[in-house]
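*Asks:* Protein chains in written order, with UniProt numbering: chain A, 1 to 511; chain B, 1 to 281.
Hints are computed from structural coordinates only; laboratory data are not their basis. Among the clues, some could well be false.
[As the list claims (entries may be wrong)] Capping the alpha-carbon separation at 25 Å, the derived lysine-lysine pairs in DSS-like fashion look like this: (1) B:Lys131 x B:Lys192; (2) A:Lys469 x B:Lys131; (3) B:Lys131 x A:Lys461; (4) B:Lys118 x B:Lys168; (5) A:Lys469 x A:Lys491; (6) A:Lys510 x A:Lys484.
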Amino acid sequence: MTDIEVVRGEIQPWTDYTSYRKPAGGDALLAFLTDALPAKAARALVAGPHSHELIRLVAARSEHVTVLIRSVSDATDLREAFPGSEVTVIAGALDGLANGPYDLVIAADGLDRVLGYDSPALNWPQRAALVTGLAGPDALVLIGVENEFGLAGLYDRRPVDARHGDDEWRPLHDDPERPTSPDQVLAALPVARLYASFDAAGETHTLLDAAAAAATRPGRPGARLALEGLAATAAHTPLVAPINTGADAAARAGLLGAVAPGWLAVLGPAGATHTAYTATHSLDLGDAGWTVGDRVVPDTVSAETELFRLAAAEDVPGFRAFAARVDDFPLDDLYPAADGFARGITEAPEGASREELVAASWFRFRDRLIAAHRRHPWPPWMVDSDDLVTTWLGMSGVEATPELLARGRELAEAFAPAEAEVPDVATALADTDEDKKRIKELTGKVFGLERTLRFRDQSLKTREAQLRKFRDELRQYRNSPVLKLHDTAKKVAKIRHPKQFARAVKKKLKG
Amino acid sequence: MHHHNHYYGLTHILARHCGLDDEFPPRIPGYLQHGWNVGCGWNPVHEFFDGAWRFVWSDAPRRRGHALSRRNYAVTGAPMLYLMDLEPDLGKVKESEREGTLWFLFHGWDAPGGLGAKIEGDHARLISEIKETETEPVTISLYYTEYERADVRRAYEEAGFEVICFGKRGWNYEGTDRKFLYKQLAAFRRFKRVASNRLATAIFYGVAAGCEPAVYGDAMALEGDNPLFGGQSRIARLWPDMLGKDIDLATARAITDDELGKDWMMSPAEMRSLFDWNHHD
């Protein structure tokens, strides 16, 4: 094992590997690199913090790889992980490295963690120039670009001076030269392909071709990819408001590519790449829709979005008709195709029956409808119990047994995202308002019930008065001369037959 | 929740639809629309408690109510439509045997404590117009508020019409004729035409039961009528196809389906959930 090399600008003590932001990596990025990298590059450079898996992949696809890390301790750790001679680990800053040209340069982590505190105050274009300057004429260069106009950033409730930990010994993000839109990235770099990059605290969750992200609309598979990616980013950001509201608006505006948390710029010749990458799938968008493996998913609006719209319009007949078609899971990844639906990339739970999948779909739909405070026409007692899911299941032609409801809930919960540690401010306020409204409504309900009781009391009083009146009338009737005459006549009638009368008297005396 | 819900036995019908006791029906957690309405489903000054749910026949009252800052609407379809399903044969005769016109006079209302309002208009002129228009026997249906006004009832009887009354809608859960709509439905199903001097609930019921509609004659005035929702002129603007002596039946049926909320009718299970009529542990 050789030691690490050190060039100017290294920092210590420091780490970029156990920071609030992980080194660049993740299965989606690895899948992309597997497609994009040349079979065997001669000299490769990985600049900035990248995951071990990524470095391992680059090492496998090159004769030699140099890894430039600004932290000495990170470099030392990396050296231990990659002791072979095919990997050189250099501790230092980008401005201290001058051993190009490379025919593969990877700076997927971006250009914000490549300088040290002793480095000159280089703006973004100057740092980009250093990276591209290390590349040979036909090199493949990959550069991550953080987006200052990203939705998660815009919705970040922290003040700007509290978002970047100890990284900003100089105000790196207060840089007017930094590209903050797809067009500005394309203007700043000779880009061959640009991906909107969605990350979970630095680890790539989804890559979506920026043009495809701009072209998609709410509810379509492309928008779902972007929204899932944004949700992954948002999960690590304390937010002012739920990210989906803004994301839907951005999708309508054709701006999903512009509000991604960042981009991955591909410069130079890459292998054949797909339109989108997730941790589990590679997808291509064509005229027929999205190709996933050997399946085609139509580029239509998801069942969930259609149902959300019908619920918001309080169009229950329309909702009922659409719900009659639901036969799979999950609604947010089912797309109308012919008479039925085509499933997107979500794998259905193994071994679940059709009825269980439909039940899981409706539980998930309810949870997402309510959590987002979406408009709908159903009363709270239906929402709070299983009645709403039972009703929807009925619309789908499935009878809701207690066992089915329990199973559906269980399956849906297995797919639910982890609850945010701290709810966003708007949701917290909306929840509070909802609680206040509920209190007011329940108070009103008590009022209504009391009034009903009052009506019923009045009704009872009326009946009681009628009964008393009847009793009085009966009493008067009993005391009336007519009834007295009737009683006398009855007694007289008894002695009309003397023998019978005598027998009766005799019997009575004996008894 | 509110005694109006028992008017005409409407809650009773819905309870029966749900497979529940229709003699002593369960409580509806809010307000049930009890008549066709050009506004939010209720009269302009109707009071609601906070958080009340409003169960209306069709979507239009929901939209109008929303504009009045009212929320918590649910559309159920008119109870009469459910009754028609529950009683498919009640009063039914062969189409060829249907005859005559069931003519509804726009009615007033009353309530204990001197509440209520009378209608005022030229009955003689209306009678003349009915005689000029109708070619088959006419039966006049008076609501009890007019039926019990001897002067009004006599005017129509003396004109040679049969005069009937379907009963009382009740008040404070008292005096509710829960067979009110049953009787009305049975009647509709033997008449060829339904007519009135105002576009009102009975016309829509009649069309739903297969009658040809007509709306003509002096619309008469109602004491204290609140024109907040636009009154008769708004009706003329919104439903001109439902006014006149010869109305296109197909158009009338389509409008009736809309106004009675035919597409909104729900299964017994769905309605039990909507009214919170399921038992929860």
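*Asks:* For each hint, tell me whether it holds in the structure or not.
*Replies:* Cross-check of the supplied hints:
| no. | hint | result |
| --- | --- | --- |
| 1 | B:Lys131 x B:Lys192 | holds (16 Å) |
| 2 | A:Lys469 x B:Lys131 | violated (48 Å) |
| 3 | B:Lys131 x A:Lys461 | violated (48 Å) |
| 4 | B:Lys118 x B:Lys168 | holds (16 Å) |
| 5 | A:Lys469 x A:Lys491 | violated (30 Å) |
| 6 | A:Lys510 x A:Lys484 | violated (30 Å) |
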